[in-house]
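Using the sequences and the accompanying hints, generate a full structural model.
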Amino acid sequence: MLRKNTWVRLLTIPLILTLLLAGCTGNDKGTDNKTAQPESNQTDQGTNNGSTDSGKPATWIADRKVKGLVFMGTDDYTEDMNPEIKAKLKELTGIDLEVEIMVADHSIDGLIAGLASNDLPDFITFYLNNSGRPEMPVILKAAREEMFTDLAPLMKDTKVYSKYLQDDYLPLDTRYGVMFRPEFNGSTYFIHMNVARQGGYATRKYAGGPYIRKDIADALGVDPRTINTTEKLYELAKKIKAGNFKDNNGKDVVPIGPNYWGGQEIGVLFNDLEWGSDDQRIKKDASGTILHESQTPYALKKVEYIQKLLKEKLIHPEFFTMDESRATEGALNGTWAIIGNAHNYQEFNRDMHYLPLGPIDFVDRPYQMQVDFKSGYSGWAIPTTTKNPEDIMKLADFLASREGKLLWQYGLEGRDYTLDAKGNPLAKKEVIDLKVSNPEEAKKLGFAGVGNSWGELLGGTDTDRMADFGEMEYGDAVAPEVNAGALKIADYWGWEEKRKNAKIVDGYTPLSFIGEFEHGTELKAAFENYDDSLIRAYYAKNMDEAKKILDSASKQLEATGLQQFLELLKTKDADPKTHVKL
Amino acid sequence: METHVTPSVNTSKRSRLWRNILLHKYLYLMLLPCLVFFIIFSYIPMTGIILAFKEYKFNAGILGSPWAGFKYFERFFNDYQSGMLIKNTLIISCMKLFIGLPFPILLALMFNEVKNRYFRNIAQSISYLPHFLSWVVVVGLTQRLLAPDNGLLNQIVGFFGGDSSVFYMMEPHYFYQIMFGSHIWKSVGWDSIIYLAAIAGVNPDMYEAAKMDGASRTREIWHITLPSIQPTILILFILSLGNILSAGFDQLYLLRTPGNMHLAEILDTYVIRVGLQGGQYGYATAVGLMQGLIGLILVVAANRISKKVSDTSLW
Chain V
1 MLRKNTWVRL LTIPLILTLL LAGCTGNDKG TDNKTAQPES NQTDQGTNNG STDSGKPATW
61 IADRKVKGLV FMGTDDYTED MNPEIKAKLK ELTGIDLEVE IMVADHSIDG LIAGLASNDL
121 PDFITFYLNN SGRPEMPVIL KAAREEMFTD LAPLMKDTKV YSKYLQDDYL PLDTRYGVMF
181 RPEFNGSTYF IHMNVARQGG YATRKYAGGP YIRKDIADAL GVDPRTINTT EKLYELAKKI
241 KAGNFKDNNG KDVVPIGPNY WGGQEIGVLF NDLEWGSDDQ RIKKDASGTI LHESQTPYAL
301 KKVEYIQKLL KEKLIHPEFF TMDESRATEG ALNGTWAIIG NAHNYQEFNR DMHYLPLGPI
361 DFVDRPYQMQ VDFKSGYSGW AIPTTTKNPE DIMKLADFLA SREGKLLWQY GLEGRDYTLD
421 AKGNPLAKKE VIDLKVSNPE EAKKLGFAGV GNSWGELLGG TDTDRMADFG EMEYGDAVAP
481 EVNAGALKIA DYWGWEEKRK NAKIVDGYTP LSFIGEFEHG TELKAAFENY DDSLIRAYYA
541 KNMDEAKKIL DSASKQLEAT GLQQFLELLK TKDADPKTHV KL
Chain Z
583 METHVTPSVN TSKRSRLWRN ILLHKYLYLM LLPCLVFFII FSYIPMTGII LAFKEYKFNA
643 GILGSPWAGF KYFERFFNDY QSGMLIKNTL IISCMKLFIG LPFPILLALM FNEVKNRYFR
703 NIAQSISYLP HFLSWVVVVG LTQRLLAPDN GLLNQIVGFF GGDSSVFYMM EPHYFYQIMF
763 GSHIWKSVGW DSIIYLAAIA GVNPDMYEAA KMDGASRTRE IWHITLPSIQ PTILILFILS
823 LGNILSAGFD QLYLLRTPGN MHLAEILDTY VIRVGLQGGQ YGYATAVGLM QGLIGLILVV
883 AANRISKKVS DTSLW
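So the protein sequences, as listed, match chains V and Z. Numbering-wise (our numbering), the first sequence opens with residue 1 and increments by one. Numbering-wise (our numbering), the second sequence opens with residue 583 and increments by one.
FYI, nobody ran anything at the bench for these hints, they're computed from the structure. The C-beta atom is built at its ideal place from N, Cα and C for all residues, glycine as well. Take the hints with a grain of salt, since some may be wrong.
Here are the simulated BS3-like cross-link-like pairs (lysine-lysine), alpha carbons at most 27 Å apart as the crow flies [claimed, not checked]:
hint, chain 1, residue 1, chain 2, residue 2
1, V, Lys67, Z, Lys653
2, V, Lys548, Z, Lys639
3, V, Lys524, V, Lys577
4, V, Lys498, V, Lys205
5, Z, Lys607, V, Lys141
6, V, Lys524, Z, Lys607
7, V, Lys284, V, Lys86
8, V, Lys387, Z, Lys639
9, Z, Lys669, V, Lys524
10, V, Lys308, V, Lys251
11, V, Lys284, V, Lys67
12, Z, Lys639, V, Lys141
13, Z, Lys793, V, Lys541
14, V, Lys524, Z, Lys697
15, V, Lys205, V, Lys67
16, V, Lys555, Z, Lys669
17, V, Lys241, V, Lys500
18, V, Lys86, V, Lys67
19, V, Lys313, V, Lys241
20, V, Lys547, Z, Lys595
Okay, the calculated bits of chain V under chain Z, using three or more residues with CB under 8 Å as the criterion [to be verified]:
hint, segment
21, 110-118
22, 535-541
As structure tokens, this is what we get:
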């Protein structure tokens, strides 16, 4: 028989083991409290040039470790920091930065799980295009439940982020919809990023939309820029089919193929049949009435058009559902005579073997480029559990300064770039060559120019590359040939002219207000149901069946309060602070 | 006196139990990690069910969040989709449960009849393999096979002069066939193992006796093999009933297209889409709890019926 103390031992051993295992999994809050110093003990926090009396640089913040958790895709951000870059950041600021990406099927799943775990590091970052993005209600809930630190007082003493407090700096949505929401009473709990320094500033000359194979357009004697209606697109597709063109593997081409990144609904290809943008479907008519697409005849017109394309085999049958790998493979093989949607900065088309098509006119007027006065993208917040949150704010401010941006966008002076007479960085040729020949190896150098965007998480804002570094894109000054193809396409498309005549808008997307609507959850589900029903209708046997499907989705929308939501939009649009993009 | 008898019986029972445990102490010691595992990973997480009745707040945690009563249950049953979701879930899981039940049994019977050991081993191994493929791969393969125009099925149909442009994945008409076919293809080999094991346990003397009486192979299967594995079939069936409201998330989530969504949307996909992706943990837990409770009730009921009818039961 075992004695009493033997039993105690037997039970204790597994318990200790369990505790040990649990301990090893860690509860790393990211903050190194031992090294964190109170603000009063720290030296000058500014991002001014010069050094302090203690011998530390003027950019010095605090000798501490800072950990950030990224709720964004691993394709967009990288957590590996180059040791030399990391050391330089430490030397300049005292901060030992560590970035971790939370991997999840959908970034929003990771964000929700991370917030629910209540175990957050010094700062978190997340996607946030505008206040209508699905992440917004989640972070708003977290802010209302006092998960985040109020950043407004911390921003006051900063060099770059204090601009956010100026009346004319932020776009409407960022100011009143995302950051300084009326219910926050002057506080703000997250920072919206990637705001341009100047209104209407474009960082890149984007020419997005459908693209057509140049050899096919040439063979047919068609100038792709003249295809500005879906009727002309249909005629062109018929000519392509009749032309018996082949792809790289000698197989028949598909006249209209899907989006380069995978099958989905593509508004830009069917602009003159789209009521509002394809992710909103809400727009004002000529009399000023706000309508949803389901209340207009355009839904049926589009169904009729797509059914015609499908029936005559002018569009790929899996146009709306194809997975990304097959869609991209088709574009690379030249199987799609027309790629539904692509853009001019893609590597595969540097030689311009695909040309931009259109653009297709809008449903109620000729095409006109629309430029946001300013927009935002991604965001970050400091959990209330973070010690000395002012250090994180100062780190962000340093990374958003020219000196900080130079470090995370261009790397190390001498190793990765030199400075010209004006003080602008000139990327080293060997770095650019490495980026072209071995992008993965180049990425290890650890800065945004070579594809490692750790600094953008906190520092990517107040953007004006031309003013800061004398070039629109990394490496333009040294190797203009890298972006030459993209810029030639932009020229061909008439980017400059279109930009000159562009409509600059500052406002909210209609669906930004769905969270404020009483039956928002139900209406959102009904909108999703409508989107699915529209695609179902494309594949319906005939127009009667399609009409039935759409009628049912419309009834669902009406029953869940579509009309009341449109009334709310009308009220919002009338207020200059909540102008809606309609 | 009765009052004294009961405690003494209990005491003697308890001491007998302890004596038994001490006698087989090493076996019980081996059981300990298993118990710890289940307590940590199965029983402690079960307390999360409380979320179904809580208004979850990030900063307050599960216990600190305020009570929500039966709000989420009411919301679910008031949702216009709830009827469709329950109907779809029941149809799909019943198809898998009832129509799918004979397939692994038939396969096991077929394998049992194959006398060539090498051929049987190879055939068995091939039939198990799909079990190890993830649903992402299986649905990817299905999509390629059924793709319009260049999919294998369409090409075959076209070869014989039929319409080769059918988009099977988008047409609701073909949804159940695709769902059921892919489910059987993936699971039949693996599910047949347990029946093969049960068949292997049948006493060979019974077959000998049957042969002596002049029974054919079909008669042997009908009168010896099937009755012998009947308890196994019943137990597995009762256990499967517990999942009647879980029709298989991965498969349905991946097979769902705008064309078949009104048939393919089930409770599991709804919980993930509306509950978890929308951060509504309480709501998701309430729907999940409902699925679990209905499953439990069905298992208990089926167990009772089975015990009465065939004397085979889980407990």
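Hints, one by one, checked against the model:
| no. | hint | in the structure |
| --- | --- | --- |
| 1 | V:Lys67 <-> Z:Lys653 | 39 Å, violated |
| 2 | V:Lys548 <-> Z:Lys639 | 42 Å, violated |
| 3 | V:Lys524 <-> V:Lys577 | 24 Å, holds |
| 4 | V:Lys498 <-> V:Lys205 | 11 Å, holds |
| 5 | Z:Lys607 <-> V:Lys141 | 53 Å, violated |
| 6 | V:Lys524 <-> Z:Lys607 | 60 Å, violated |
| 7 | V:Lys284 <-> V:Lys86 | 51 Å, violated |
| 8 | V:Lys387 <-> Z:Lys639 | 22 Å, holds |
| 9 | Z:Lys669 <-> V:Lys524 | 23 Å, holds |
| 10 | V:Lys308 <-> V:Lys251 | 23 Å, holds |
| 11 | V:Lys284 <-> V:Lys67 | 46 Å, violated |
| 12 | Z:Lys639 <-> V:Lys141 | 8 Å, holds |
| 13 | Z:Lys793 <-> V:Lys541 | 59 Å, violated |
| 14 | V:Lys524 <-> Z:Lys697 | 60 Å, violated |
| 15 | V:Lys205 <-> V:Lys67 | 35 Å, violated |
| 16 | V:Lys555 <-> Z:Lys669 | 21 Å, holds |
| 17 | V:Lys241 <-> V:Lys500 | 37 Å, violated |
| 18 | V:Lys86 <-> V:Lys67 | 13 Å, holds |
| 19 | V:Lys313 <-> V:Lys241 | 8 Å, holds |
| 20 | V:Lys547 <-> Z:Lys595 | 74 Å, violated |
| 21 | 110-118 | holds (count 4) |
| 22 | 535-541 | holds (count 3) |
Going down the numbered hints, you'll see the structure goes against 1, 2, 5, 6, 7, 11, 13, 14, 15, 17 and 20, while the others check out.
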